[in-house]
Amino acid sequence: MAEPSEGEPVEGCHSSVVFSDDRQWAGHLAAFVRSGLARGRRVQYFADTTDPERVLAALTDAGIDAAGAVARGQLSLSVATQTYLAGSGFDPDAMIGLWQEAVDEAGASGYPGVWAIGEMSWANRDVAGADRLLEYELRIHHEVFARLPLTAWCFYDRRLMSDACVDVLASAHLTHRGESHAAPALWLAPLADRPGLRMSGSAGYDTRDTVAAAAAVVSGAQTPRAELDLAAVRHLDAASLAVLTGGAAGRPDGPPLRIRQPPPSLRRLLQLFPEFDASVEVVDR
Amino acid sequence: MTTYEPAAAGTGRQAPFHHPALFYGTQDEYLAGVGTFVRDATDLGHPVLVAVPGPRLALLRDLVDGDSGVTWVDMYQAGRNPGRILSMLQEFADRAEAAHAHVSIVGEPIWVGRTRAEAWEATRHEALINLAFTGRRVSILCPYDTALPEEVLAQAYRTHPVVGDSVAYGASSHYTDPHEVCRDCDTPLPEPAEAVVIPFEEGGLALARDEADRWAAAAGLPPVRRTDWLLAIGEATSNSVRHGGGRGTLRMWRAEGKLVAEISDQGLLADPLTGRRRPDPRAATGGRGVWIMHQLCDLVEIRAGARGLVLRLHLGTE
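Read top to bottom, the protein sequences are chains A and B. Going letter by letter, the first sequence gives residues 1 to 285 in this note's numbering. Going letter by letter, the second sequence gives residues 286 to 603 in this note's numbering.
Be aware that a few hints might be false.
[To be verified] Here are the simulated SDA-like pairs of lysine to any residue, each with C-alpha atoms no more than 25 Å apart in a straight line: (1) B:543 - A:50; (2) B:543 - A:264; (3) B:543 - A:267; (4) B:543 - B:472; (5) B:543 - B:476; (6) B:543 - A:234; (7) B:543 - B:603; (8) B:543 - B:363; (9) B:543 - B:478; (10) B:543 - B:500; (11) B:543 - B:588; (12) B:543 - A:271; (13) B:543 - B:359; (14) B:543 - B:456.
[To be verified] If the Cβ cut is set under 8 Å, some of the chain B residues that face chain A in the computed set are: (15) 325; (16) 328; (17) 329; (18) 346; (19) 484; (20) 491; (21) 510; (22) 512; (23) 515; (24) 526; (25) 573.
These are calculated hints, taken from the structure and not from any lab test. Please read these numbers as outputs of a predicted model, since none were measured by experiment. By construction, the Cβ of each residue, glycine as well, lies at the ideal position given by its N, Cα and C atoms.
Taking the hints into account, I'd like the entire structure generated from these sequences.
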């Protein structure tokens, strides 16, 4: 799991930012917006529960000419429920399309990139599609950030979200800032250098939502091959294997799901259930 | 050699499903009784499965034409845990029945040297055969060594509609409803002298799995067996959360030459055949978890009572 980093925001990164009070929130907010504006990028803040006026005030208090940036179109403050959560709820595919539009619009206005902050606390509420947020966080590393000039910080406010929710979602980012978070029983992160996921921990009935998110990524990945690195998985049960191979079966014709360095339990399950053989390719390195 | 000729009336031979117990005292009686059953079946073109203790296999093979199409299985291995035998039998019968054939099986689940706990679970298996195969075109001959303990032999009269020896068969007057036999198999389990106790609920399942793995490693369970241990406990604890009232208790202790994990919860075993048939691995229901436990453990003791469900999983340390 990524250790929290400090210092200047890094361009192109998709980071989780965990905090638990207003002072921390304002610090992260100001650091990000200041750097984005200074680099000449378009900066967008997607609020969930925070009044955009409060965001503006916090930036001004930090010595940033936020009003000026808004006036010239470099900074925008909006509310998620009135933008990407409007309509039928959260849809990862639609959201990925919106990033392309945002980058295109910024480019047309002379901004070579987009810097965005999103408050993710809606994930812990009864919002349609919220159960697909983990899938989305995992997919965008390759489907968005590897392709577009985009830098984003996902804000996780511990006051508004359960620890379990924060731990799993924050773990799905390759870079992390703010407060550290505990290792969940099972967590997922994108592979840094190629499409695919790394799974870590112990998979069972208690982690079925995380496994379902991995299966959704496998099923929907727009890459010729889906890959799961299980080197850090201590245990994986039959139900998890069934869900993962089900995800692989949902892909259009292509090679089977490549599983790297599986735990002994997965190999034992393949002995018990050769039905899964056609869906997976096990690789030892 | 005596011809296998069950008594005509009242023995169930005319019914599609036939489940006799054969009591034998000598090798000659064994070969006469079992050998005749197998030869008759092969003569009729039945698919035949012979699952008996390894040393018996060679003897029987000598009696039967090598190209007869008989499937030979060492019950010492395949039936190490009595709870996994029925799945094997059903799988064989399913394949044969798909070809519209009558199926003949020799299954010897209890041999001299079985522990008392194994014998009770094997008796449960014998009773469940009657539920699983009712109405199917299957004959299952179960040899019983008369050197087995009296209480084991007495149960064979309760679990087999037909009993006999190498000379003749007749209806068993002690045949008992399989559900009642299963209830009688729920004998009190001996308490361990000491045990590690881990209460768990959904949020603590991973912790319970990790603790089970660490404890087994410290107790000297070899890595290959630890994989089976962890998979079996993982399935049992998940079932407690899913079906057993949302929580349960895991206890672990060492016994002579083995480790035991007990998982208890508030659940019921509505269908005693749960886990006795090979499941669709992709189906979330259908006894997948219990079936996996039976495949991986050397013995699974099941106690289904009014106060809940108790599973004891035994794994040898060798």
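So, going through the hints one by one against the coordinates:
For the suggested pair residue 543 (chain B) and residue 50 (chain A), the alpha carbons sit about 59 Å apart, so the restraint of at most 25 Å is broken. A distance of roughly 21 Å separates the Cα atoms of residue 543 (chain B) and residue 264 (chain A); the hinted pair therefore holds under the 25 Å criterion. With a C-alpha separation of about 23 Å, the suggested pairing of residue 543 (chain B) with residue 267 (chain A) holds against the 25 Å cut-off. Pair hint residue 543 (chain B) plus residue 472 (chain B) holds up; C-alpha atoms about 21 Å apart against a cutoff of 25 Å.
In summary, the hint linking residue 543 (chain B) to residue 476 (chain B) is supported, as the alpha carbons are separated by about 15 Å, within the 25 Å threshold. Proximity of residue 543 (chain B) to residue 234 (chain A) is assessed by CA-CA distance (about 23 Å); at most 25 Å being required, the pair is judged to hold. For a cut-off of 25 Å, the pair hint linking residue 543 (chain B) to residue 603 (chain B) stands: about 8 Å separates their Cα positions. Our distance criterion of 25 Å between C-alpha atoms is met by residue 543 (chain B) and residue 363 (chain B), whose separation comes to about 19 Å.
Distance restraint check for residue 543 (chain B) and residue 478 (chain B): the Cα-Cα separation of roughly 15 Å lies within the 25 Å cut-off, and the hinted pair is therefore satisfied. The hinted pair formed by residue 543 (chain B) and residue 500 (chain B) meets the criterion: a straight-line CA distance of about 13 Å does not exceed 25 Å. For the hint linking residue 543 (chain B) to residue 588 (chain B), the alpha-carbon distance of about 20 Å falls within 25 Å, and the restraint holds. Straight-line distance between C-alpha atoms of residue 543 (chain B) and residue 271 (chain A) comes to about 23 Å, which keeps the hinted pair within the 25 Å bound.
Note on residue 543 (chain B) and residue 359 (chain B): the hinted pairing holds, with a Cα-Cα distance of about 22 Å set against a maximum of 25 Å. Straight-line distance between C-alpha atoms of residue 543 (chain B) and residue 456 (chain B) comes to about 40 Å, which puts the hinted pair past the 25 Å bound. For residue 325 (chain B), the shortest C-beta to C-beta distance to chain A is roughly 34 Å, which exceeds 8 Å, and the interface hint is violated. Hint on residue 328 (chain B) is violated. Least Cβ distance to chain A is approximately 34 Å, over the 8 Å limit.
Interface hint at residue 329 (chain B): violated, since its Cβ lies 32 Å from the closest Cβ of chain A, which is beyond the 8 Å cut-off. This hint is violated: residue 346 (chain B) has a C-beta 27 Å from the nearest C-beta of chain A, more than the 8 Å allowed. Violation of the interface hint for residue 484 (chain B) is found here, the shortest Cβ-Cβ separation to chain A being roughly 15 Å, above the 8 Å cut-off. Because the closest C-beta pair between residue 491 (chain B) and chain A is about 3 Å apart, less than 8 Å, the hint holds.
Nearest Cβ of chain A to the Cβ of residue 510 (chain B): about 10 Å, over the 8 Å cut. The hint is violated. With a least beta-carbon distance of about 4 Å to chain A, the hint placing residue 512 (chain B) at the interface is held under the 8 Å criterion. For residue 515 (chain B), the shortest C-beta to C-beta distance to chain A is roughly 6 Å, which falls under 8 Å, so the interface hint holds. Annotation: residue 526 (chain B) was flagged as interfacial toward chain A, and the flag holds, the nearest CB pair being 6 Å apart, inside 8 Å.
Taking 8 Å as the C-beta contact cut-off toward chain A, the hint placing residue 573 (chain B) at the interface holds, the least distance being around 6 Å.
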